[in-house]
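Engineer: For reference, the chains in residue letters:
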Amino acid sequence: MQRLQAPTPVNETQRLAALEAYRLLDTEPEASFDDLTWLASSLCHAPIAVIGLVDSSREIFKSRLGLNVSGVPRTESFGTHALLQKNRFEIEDAARDRRFRDHPLVVGDPHIRFYAATPLVDPEGNPLGVLAVADSRARSLNPEECAALERLGRQAMALIELRSARSRAQAALREGTEKHAALNVVHQELRALSYIISHDLRAPLINLMGFSGEMRKLLGTVTRKLDESQIEGLDPEILPLLRGEIPRAMEFIAGAATRMSGQLDVVLKLFRLGRYELNPEPVNLACIFQSVVETHVRPDDRTSVRLDLDAMPDLYLDSEAIYILANNLVSNALKYRQKGRPCRVEVSATHDESGVTLCVADNGRGIAPEDHDEIFKLFRRCGRQDTKGEGVGLTFCRTLVNRMGGHMWLESEPGLGSKFFVFLPGTRAAGAKSAEAGSAAA
Amino acid sequence: MKTSAPIYVVDDDDGHAFLVESNLRLSGIANEIVRFHNGFDVLDYMLGNPELTRVPALIVLDVNMPGLSGLRVLEKLRAHPLTLITPVVMLSSSGHPPEIDLCYRSGCNLYLMKPIAYEEFVKVIRLLGQVVQVVELPSSGTPALRSAAF
Numbered sequence: 002m003q004r005l006q007a008p009t010p011v012n013e014t015q016r017l018a019a020l021e022a023y024r025l026l027d028t029e030p031e032a033s034f035d036d037l038t039w040l041a042s043s044l045c046h047a048p049i050a051v052i053g054l055v056d057s058s059r060e061i062f063k064s065r066l067g068l069n070v071s072g073v074p075r076t077e078s079f080g081t082h083a084l085l086q087k088n089r090f091e092i093e094d095a096a097r098d099r100r101f102r103d104h105p106l107v108v109g110d111p112h113i114r115f116y117a118a119t120p121l122v123d124p125e126g127n128p129l130g131v132l133a134v135a136d137s138r139a140r141s142l143n144p145e146e147c148a149a150l151e152r153l154g155r156q157a158m159a160l161i162e163l164r165s166a167r168s169r170a171q172a173a174l175r176e177g178t179e180k181h182a183a184l185n186v187v188h189q190e191l192r193a194l195s196y197i198i199s200h201d202l203r204a205p206l207i208n209l210m211g212f213s214g215e216m217r218k219l220l221g222t223v224t225r226k227l228d229e230s231q232i233e234g235l236d237p238e239i240l241p242l243l244r245g246e247i248p249r250a251m252e253f254i255a256g257a258a259t260r261m262s263g264q265l266d267v268v269l270k271l272f273r274l275g276r277y278e279l280n281p282e283p284v285n286l287a288c289i290f291q292s293v294v295e296t297h298v299r300p301d302d303r304t305s306v307r308l309d310l311d312a313m314p315d316l317y318l319d320s321e322a323i324y325i326l327a328n329n330l331v332s333n334a335l336k337y338r339q340k341g342r343p344c345r346v347e348v349s350a351t352h353d354e355s356g357v358t359l360c361v362a363d364n365g366r367g368i369a370p371e372d373h374d375e376i377f378k379l380f381r382r383c384g385r386q387d388t389k390g391e392g393v394g395l396t397f398c399r400t401l402v403n404r405m406g407g408h409m410w411l412e413s414e415p416g417l418g419s420k421f422f423v424f425l426p427g428t429r430a431a432g433a434k435s436a437e438a439g440s441a442a443a
Numbered sequence: 153m154k155t156s157a158p159i160y161v162v163d164d165d166d167g168h169a170f171l172v173e174s175n176l177r178l179s180g181i182a183n184e185i186v187r188f189h190n191g192f193d194v195l196d197y198m199l200g201n202p203e204l205t206r207v208p209a210l211i212v213l214d215v216n217m218p219g220l221s222g223l224r225v226l227e228k229l230r231a232h233p234l235t236l237i238t239p240v241v242m243l244s245s246s247g248h249p250p251e252i253d254l255c256y257r258s259g260c261n262l263y264l265m266k267p268i269a270y271e272e273f274v275k276v277i278r279l280l281g282q283v284v285q286v287v288e289l290p291s292s293g294t295p296a297l298r299s300a301a302f
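For the record, the sequence lines run as chains A and B.
Mapping to my numbering: the first sequence position 161 is 162, numbers consecutive.
Mapping to my numbering: the second sequence position 33 is 185, numbers consecutive.
Rather than coming from a laboratory, the hints here were simulated on the basis of the structure.
Since this is a predicted model, take the numbers as computed values, not measurements.
No residue lacks a Cβ here, since even glycine has one placed at the ideal position from N, Cα and C.
Watch out, some of these pointers could steer you wrong.
Computed from the model, here is a short list of chain B residues facing chain A with C-beta under 10 Å [to be verified]:
(1) H168
(2) V215
(3) S244
(4) Y263
(5) K266
(6) E271
(7) F273
Below are the SDA-like pairs computed for lysine to any residue, each with C-alpha atoms no more than 25 Å apart in a straight line [stated by the list, open to error]:
(8) K340/A x G392/A
(9) K389/A x R429/A
(10) K275/B x S165/A
(11) K275/B x P205/A
(12) K218/A x L220/B
(13) K226/A x L178/B
(14) K270/A x Y256/B
(15) K87/A x S165/A
(16) K218/A x D166/B
Extracted from the complex, chain A is given alone in its bound form (with noise of 0.2 Å):
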């Protein structure tokens, strides 16, 4: 049996990957299309109705009415002629169509004889499938049911789309909801880690420098019995060794477990501070930041720090951690200075409807591009060993400014100086507006 065959759309390979994306193929009946189905049977005044997807091998009926195949081969389908049309089309007598007369639903049952589709053409253009209604008589659509055809057609391709939206926000709320599980769990994890560390690794430390502790305090017995007995014959290496290098080995142990000690502690606070409740209040920066500067800064020091805050009105922030980011801040501008120039300090923000901007900058050593990132990881320190530090202040200043939903960033020149920004949303206290008001008035 040779029929004349539909010609392939253009852009079929597009239009075959939008039609699978909308996932509707072989999908089970729905009520809101077999709706449709019936409207267009109805308002047609036709017995069947269908709502056909063309993919590459068929055509399927999402929903069908007056039809008991659930699909027809592509070779057989009237939707893949119909899809090529921009608008209606209609065959009204398919036994006298040279395309349709042998075609196995016109030969045989249902008989089919009329038949009218409008395409279902996506957003993008891609006619997906059609809404068709037939008939076993022939005859046509009149103008009514023309329109009719056409406006349910469209409100099929709109159903689709809604339906297709709405997995799509199933889906999105589904993976939210697993994130937030898995971040749940992350969570919990990050909590029983912290006690772990505040317990279990401590434990240990506990012995090798209690026993460090007690193997000095053993050493310098033995040292002291051995001088009064003043045995003969007794090698003269030993006393050397016990007073000097089997000492400074415990001393090396004892030094490497309280570094360790430190480090846990650091660890501890640095969770402590990423889960800190947050205590908003109005904050004045420029008295934090003076009083900052007072801690660091001697009347005698060749060290100028200018402040240039007093336009900042009070602003609702939580006073602690701002008082840990200003002395961070202040003292690594302070403390990574410029040999053979006097070290200058400059701390200044501005203020707009989102929140603050801080910057300290400083005329200090600088720090080199590459390890912009670096310094702000825990137990890093960077450029020249010259000073003491143990590589947390910046740590401690990020997961802080991280806890208030702020950000920070740094601008440096190797050898011109750094400028630290600190951004955070906070919004300009009540009370400092009032306040303002009042000095006015007075």
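Keeping the supplied structure of chain A fixed, place chain B upon it in accordance with the hints.
Structural biologist: Positioned in the frame of chain A, the structure of chain B alone reads:
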């Protein structure tokens, strides 16, 4: 404190237990010190022997022990008439604030953090030893016996 009643030290860590015992001793404590390696051992020993005459004057209890944690041991001790009011000092290497609260809420009398630095550790345990020697502790025996004596 009467020196006739023993002091129990419950700690799974041999090193910690040694440091605690030896420094309690060095602080001048003359009482017998009985060491238990875990929570089950001390509960079995105390609560499984009703004829036990020498109820401890003091229990030094580690918080973090495998099997039965110090907190669970404390709860069991507080639920038993024999040890309802026995003074319990909790020792912990953590100092985790929620843990401290929980210990006191469960009825411990003192919570001490085991310091990591040797000198600090020695200082804390010796101070504990000195304090224990001068404080008055409940007399030995069951609460019923105690009230009868009163």
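Engineer: Run every hint past the structure and note whether it holds.
Structural biologist: Against the structure, the hints come out as follows:
1. H168: Since the shortest Cβ distance to chain A is 6 Å, the answer is holds.
2. V215: V215/B check passes; min Cβ-Cβ to chain A is 8 Å, inside 10 Å.
3. S244: Because about 7 Å separates S244/B from the closest Cβ in chain A, which is inside the 10 Å limit, the hint holds.
4. Y263: Not OK, violated: Y263/B not within 10 Å of chain A, min 14 Å.
5. K266: 5 Å, holds
6. E271: With Cβ-Cβ at 7 Å, under 10 Å, it holds.
7. F273: 6 Å, holds
8. K340/A x G392/A: Roughly 21 Å separates the two Cα atoms, so the pair holds.
9. K389/A x R429/A: Cα-Cα ~38 Å, so violated.
10. K275/B x S165/A: Violated. K275/B to S165/A sits at ~71 Å, over the 25 Å cutoff.
11. K275/B x P205/A: 19 Å, holds
12. K218/A x L220/B: The hint is violated at about 35 Å.
13. K226/A x L178/B: It holds: about 20 Å lies between the C-alpha atoms, which stays within 25 Å.
14. K270/A x Y256/B: 23 Å, holds
15. K87/A x S165/A: This hinted pair holds, its Cα atoms lying about 23 Å apart.
16. K218/A x D166/B: Measuring from Cα to Cα gives roughly 19 Å; hence the hint holds.
Violated hints, in rising order: 4, 9, 10, 12; the structure is consistent with all others.
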